[in-house]
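S.K.: What follows is each chain in one-letter form.
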Amino acid sequence: MNGKAKTMLVCGGSVAVGLVSGFFGGGGGMLAVPLLTMCGLDAKRAHATALLVILPICIISAAIYIAAGFFDGQTVLCACIGVVLGGIVGAALLNKLNPTVISIIFALMMIAIGIKLVIV
Amino acid sequence: MTAQQVIIIVSFCGGIIGGMGMGGGTLLIPLLTLAAGLNQHLAQAVNLIAFIPMSVVALCIHKKNGYVMFGKSLHIVLLAALGAVGGSFLAKYSGGYVLRACYGAFLIALGVYQLGKTVYTAIKSKNKRVATQN
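So the sequences go chain by chain: G and A.
Per my numbering, the first sequence runs over residues 13 to 132.
Per my numbering, the second sequence runs over residues 160 to 293.
If you're looking for bench data, these hints aren't it; they were derived computationally from the structure.
In this text, a Cβ means the ideal position worked out from N, Cα and C, and glycines have one as well.
You may find that some hints are simply not true.
Non-contacting residues of chain A with respect to chain G, defined by C-beta distances greater than 12 Å in every case (computed) [claimed, not checked]:
| no. | residue |
| --- | --- |
| 1 | Asn286 |
| 2 | Lys287 |
| 3 | Val289 |
| 4 | Ala290 |
| 5 | Thr291 |
| 6 | Gln292 |
| 7 | Asn293 |
EDC-like mimics (lysine to aspartate or glutamate), calculated; alpha carbons at most 20 Å apart, straight line [unchecked claim]:
| no. | chain 1 | residue 1 | chain 2 | residue 2 |
| --- | --- | --- | --- | --- |
| 8 | A | Lys223 | G | Asp54 |
| 9 | A | Lys276 | G | Asp54 |
| 10 | G | Lys18 | G | Asp54 |
Pulled out of the complex, with its shape left as it was, chain G reads as follows (with noise of 0.2 Å):
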C-alpha cells in the first residue's frame, strides 16, 4: 500500500472509529488496535494507545448522551460495581483459561446475541 493510501485509510479508520463509538456506545477499541497496528505498533502497544483513543471518545459521547437525556445515576453506579468487581475476577481468570476456547466462546455469544437484537 502506497503512503498516501495509507494515510487516507488511517484517516477514514480513526473517524469511524469514533463513529461506531459514538453512535453504538462502544466497540470501538476492536477498531482501534487493528488500526494502530497498521500504524506501526505492535501489539501490546496497540492495545495499550487504543485507550487513549478511546477515552476522549467515551468521554465526549458519555456528555452527549448525558445531555439528551440518557442516564440514571442509579443505574450507573450499579453497573461500574459490577463492571469492576467482574473486570478483577476476569483479570485473575485471564492465564487460567484456554485463550482459543474463550475467545471462540466470545465470538459465537456475540453472534448468538446479534441474531436475537436483529429479530425481536
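Following the hints, position chain A against chain G.
M.R.: Frame of chain G; chain A shown alone:
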C-alpha cells in the same frame, strides 16, 4: 431479585469478559437490554460512562510501563473524537429499534471477524508446531 441486583450481576459478567481483554462493553450493552430491561440508549450511555474510570486506571498503568504512544496516535485521537460527535448525535436521533437492530448487525460482524481470526491463528500456530517437530 431487584432491578439493581440484576444490573450488578449483568455488569459483573460484562466486567469478567472485559477483564480478559475481550471487549466487555460490546456484550455489556446487550446484556443490559436483554437481561436487565434497559432501553438501548440508556444501556449505551451506561457502558460509555462505566468505561471512563476503568480506562483512566488502565491508561495510567500502561503509560507507566511505556506502552502508550502519544505521538503516533494524536491524529487518530483527534479524528476519532470528531467521529464520536457525529456518531453520538446520530444515535440521539435514531429510534430505539433501529439502534438495537444496527447494534445486532454490528455484533454479528464482530463475532464472525473474531471467530475467523481465532480459528485462523489457531490453525497457523498448530501448523507451525507440526513443522517445528518435523
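S.K.: Does each hint hold? Answer for all of them.
M.R.: Hints versus structure:
For A/Asn286, the requirement that its beta carbon stay farther than 12 Å from each beta carbon of chain G is met, with the minimum near 14 Å. Distance check on A/Lys287: its Cβ is at least 14 Å (rounded) from any Cβ of chain G, clearing the 12 Å threshold; non-interface status holds. Once the 12 Å rule is applied to beta carbons, A/Val289 is consistent with being away from chain G; the minimum gap is 16 Å. At roughly 19 Å, the least C-beta separation between A/Ala290 and chain G is larger than 12 Å, which holds for a residue marked as non-interface.
Interface exclusion of A/Thr291 from chain G stands, the closest Cβ pair being 18 Å apart, more than 12 Å. With a cut of 12 Å on Cβ distances, A/Gln292 stays outside the contact zone with chain G, its closest approach being about 19 Å. With 12 Å as the threshold on Cβ separation, the claim that A/Asn293 sits away from chain G holds: the shortest Cβ distance comes to roughly 22 Å. With a C-alpha separation of about 17 Å, the suggested pair A/Lys223 and G/Asp54 falls inside the 20 Å cut-off, and the hint holds.
For the hint pairing A/Lys276 with G/Asp54, the CA-to-CA distance comes to about 17 Å; that is within 20 Å, so the pair holds. The suggested pairing of G/Lys18 with G/Asp54 holds, with an alpha-carbon distance near 17 Å, which does not exceed 20 Å.
Violation of the numbered hints given earlier is absent; every hint is satisfied by the structure.
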